[in-house]
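Top to bottom, those sequences are chains A and B.
If you count by this note's numbering, then the first sequence holds residues 146 to 256, one letter each, in order.
If you count by this note's numbering, then the second sequence holds residues 44 to 155, one letter each, in order.
Be aware that a few hints might be false.
Said to hold, decoys possible - Looking from chain B toward chain A, a few residues come up when the C-beta cut is under 10 Å (computed): (1) S74; (2) R77; (3) Q81; (4) R85; (5) G86; (6) V88; (7) I92; (8) F95; (9) S136; (10) Y141; (11) K142; (12) G146; (13) L154.
As the list claims (entries may be wrong) - Lysine-lysine pairs mimicking DSS-like chemistry, simulated, CA-CA at most 30 Å apart: (14) K100(B) to K60(B); (15) K244(A) to K142(B); (16) K202(A) to K114(B); (17) K142(B) to K202(A); (18) K244(A) to K216(A); (19) K100(B) to K244(A); (20) K244(A) to K202(A); (21) K44(B) to K154(A); (22) K114(B) to K60(B); (23) K244(A) to K44(B); (24) K154(A) to K244(A); (25) K154(A) to K202(A); (26) K244(A) to K114(B); (27) K152(B) to K114(B); (28) K114(B) to K44(B); (29) K100(B) to K142(B); (30) K44(B) to K100(B); (31) K202(A) to K44(B); (32) K154(A) to K142(B); (33) K142(B) to K216(A); (34) K114(B) to K142(B); (35) K216(A) to K154(A); (36) K152(B) to K60(B); (37) K152(B) to K244(A); (38) K216(A) to K202(A); (39) K60(B) to K44(B); (40) K44(B) to K142(B).
These are calculated hints, taken from the structure and not from any lab test.
Yeah, the Cβ is synthetic: ideal placement off N, Cα and C, and Gly gets one too.
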Amino acid sequence: NAGVTQTPKFQVLKTGQSMTLQCAQDMNHNSMYWYRQDPGMGLRLIYYSASEGTTDKGEVPNGYNVSRLNKREFSLRLESAAPSQTSVYFCAGRGGTGKLFFGSGTQLSVL
Amino acid sequence: KNQVEQSPQSLIILEGKNCTLQCNYTVSPFSNLRWYKQDTGRGPVSLTIMTFSENTKSNGRYTATLDADTKQSSLHITASQLSDSASYICVVSATGTYKYIFGTGTRLKVLA
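Build out the structure end to end from the sequences listed, making use of the hints.
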């Protein structure tokens, strides 16, 4: 049982490059989330998807786009990476009791 | 403004000792509070959930308490082990919303 799987685990980009962070879950979650985690700060919500085909902006959506391709997959895209987007990114699915199930994270550095 | 504050920021204890982590919140209307454990390089994992009517809940050596009147929660770790070294994050949910409010976490290090 894989749970929530994120790829890649590590990535280094140059300023201006684009990339997509992938997230897939096999837990049948309707709701999925993308968070970023920075030192000294709590996890901050980038985007949220309540169900397949719907997405909503979170607290810090600027510079990001998302796609809920189907129930299993929720991807996060950086169109033109900036150094301020250096962070650890977590995808999560929400279980029936409201418990979040997190992936293992993507550590992104933008030079 | 909905906020979750945790203390201390970091803590070092010797293996076998007990410790207590604190969480204060100003989230309304309150739905529930969860404690998550985050090992280095991993995503957070839920330890326990506290709802409005619950005062105490245990999960092995972890015991969470909730005082809804003072809006405080604590996580007590008994007989600490090296594997308890991690960050512990307090997360509060408001009723009727999909959003979660995260604390900044307490980084615990257990020394042999």
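A quick look at each hint next to the structure:
Checking S74(B) against chain A by beta carbon gives a least distance of about 8 Å; that is within 10 Å, so the hint holds. Taken as an interface hint, R77(B) checks out: its beta carbon lies about 7 Å from the nearest beta carbon of chain A, inside 10 Å. Below 10 Å, beta-carbon pairs count as interface contacts, and Q81(B) has one with chain A at about 8 Å; its hint therefore holds. Restraint check, R85(B) versus chain A: the minimum CB separation of about 6 Å is within 10 Å; hint holds.
At a threshold of 10 Å, the smallest CB-CB gap from G86(B) to chain A is about 3 Å, leaving the interface hint in force. Residue-level restraint check for V88(B) holds (minimum Cβ-Cβ distance to chain A is 7 Å; threshold 10 Å). Taking 10 Å as the C-beta cut-off, the interface hint given for I92(B) holds, the closest approach to chain A being about 7 Å. Given the 10 Å rule on beta carbons, the hint for F95(B) is violated: about 13 Å separates it from the nearest Cβ of chain A.
The interface hint given for S136(B) is met, as the beta carbon of that residue sits about 6 Å from the closest beta carbon of chain A, less than 10 Å. At a threshold of 10 Å, the smallest CB-CB gap from Y141(B) to chain A is about 6 Å, leaving the interface hint in force. The restraint placing K142(B) at the interface with chain A holds, with a minimum CB-CB distance near 7 Å, inside the 10 Å limit. Here the hint on G146(B) is kept, as its CB sits about 6 Å from the closest CB of chain A, short of 10 Å.
Taken as an interface hint, L154(B) does not check out: its beta carbon lies about 23 Å from the nearest beta carbon of chain A, beyond 10 Å. Distance restraint check for K100(B) and K60(B): the Cα-Cα separation of roughly 20 Å lies within the 30 Å cut-off, and the hinted pair is therefore satisfied. Between K244(A) and K142(B) the CA atoms are separated by roughly 12 Å; this keeps the pair inside 30 Å, and the hint holds. Distance check on the hinted pair: K202(A) and K114(B) sit about 28 Å apart at the alpha-carbon level, within 30 Å; holds.
With a C-alpha separation of about 11 Å, the suggested pair K142(B) and K202(A) falls inside the 30 Å cut-off, and the hint holds. Restraint check for K244(A) and K216(A): the C-alpha separation of about 18 Å stays at or below 30 Å, so the hint holds. Proximity of K100(B) to K244(A) is assessed by CA-CA distance (about 16 Å); at most 30 Å being required, the pair is judged to hold. Taken as a hint, the K244(A) and K202(A) pair is honoured in the structure, with Cα atoms around 20 Å apart against an allowance of 30 Å.
At most 30 Å may separate the alpha-carbon atoms for a hinted pair to count; K44(B) and K154(A) exceed this at roughly 34 Å. Restraint check: the Cα-Cα separation between K114(B) and K60(B) comes to about 27 Å, which is no more than 30 Å; the hinted pair holds. Under the criterion of a C-alpha separation no larger than 30 Å, the hint pairing K244(A) with K44(B) is consistent with the structure, at around 23 Å. A distance of roughly 23 Å separates the Cα atoms of K154(A) and K244(A); the hinted pair therefore holds under the 30 Å criterion.
The hinted pair formed by K154(A) and K202(A) meets the criterion: a straight-line CA distance of about 24 Å does not exceed 30 Å. For the hint linking K244(A) to K114(B), the alpha-carbon distance of about 20 Å falls within 30 Å, and the restraint holds. For the hint linking K152(B) to K114(B), the alpha-carbon distance of about 26 Å falls within 30 Å, and the restraint holds. This hinted pair checks out: K114(B) and K44(B) have alpha carbons roughly 14 Å apart, not beyond 30 Å.
Proposed proximity of K100(B) and K142(B) is supported: the alpha carbons are some 23 Å apart, at most 30 Å. With a CA separation close to 28 Å, the supplied pair K44(B) and K100(B) stays within the 30 Å bound. The suggested pairing of K202(A) with K44(B) holds, with an alpha-carbon distance near 19 Å, which does not exceed 30 Å. Simply put, K154(A) and K142(B) have alpha-carbon atoms about 25 Å apart, close enough for the 30 Å limit, and the pair holds.
For the proposed pair K142(B) and K216(A), the alpha carbon gap of about 20 Å is at most 30 Å, so the pair holds. Using a Cα cut-off of 30 Å, the hinted pair K114(B) and K142(B) holds, with the two alpha carbons roughly 18 Å apart. In summary, the hint linking K216(A) to K154(A) is supported, as the alpha carbons are separated by about 22 Å, within the 30 Å threshold. Using a Cα cut-off of 30 Å, the hinted pair K152(B) and K60(B) holds, with the two alpha carbons roughly 12 Å apart.
Using a Cα cut-off of 30 Å, the hinted pair K152(B) and K244(A) holds, with the two alpha carbons roughly 25 Å apart. Of the pairs offered as hints, the one joining K216(A) and K202(A) holds, with about 18 Å between alpha carbons and a cut-off of 30 Å not exceeded. Between the alpha carbons of K60(B) and K44(B) the distance comes to roughly 36 Å, so the proposed pair goes past 30 Å and is violated. For a cut-off of 30 Å, the pair hint linking K44(B) to K142(B) stands: about 13 Å separates their Cα positions.
Hints 8, 13, 21, 39 from the earlier list are contradicted by this structure; the remaining hints agree with it.
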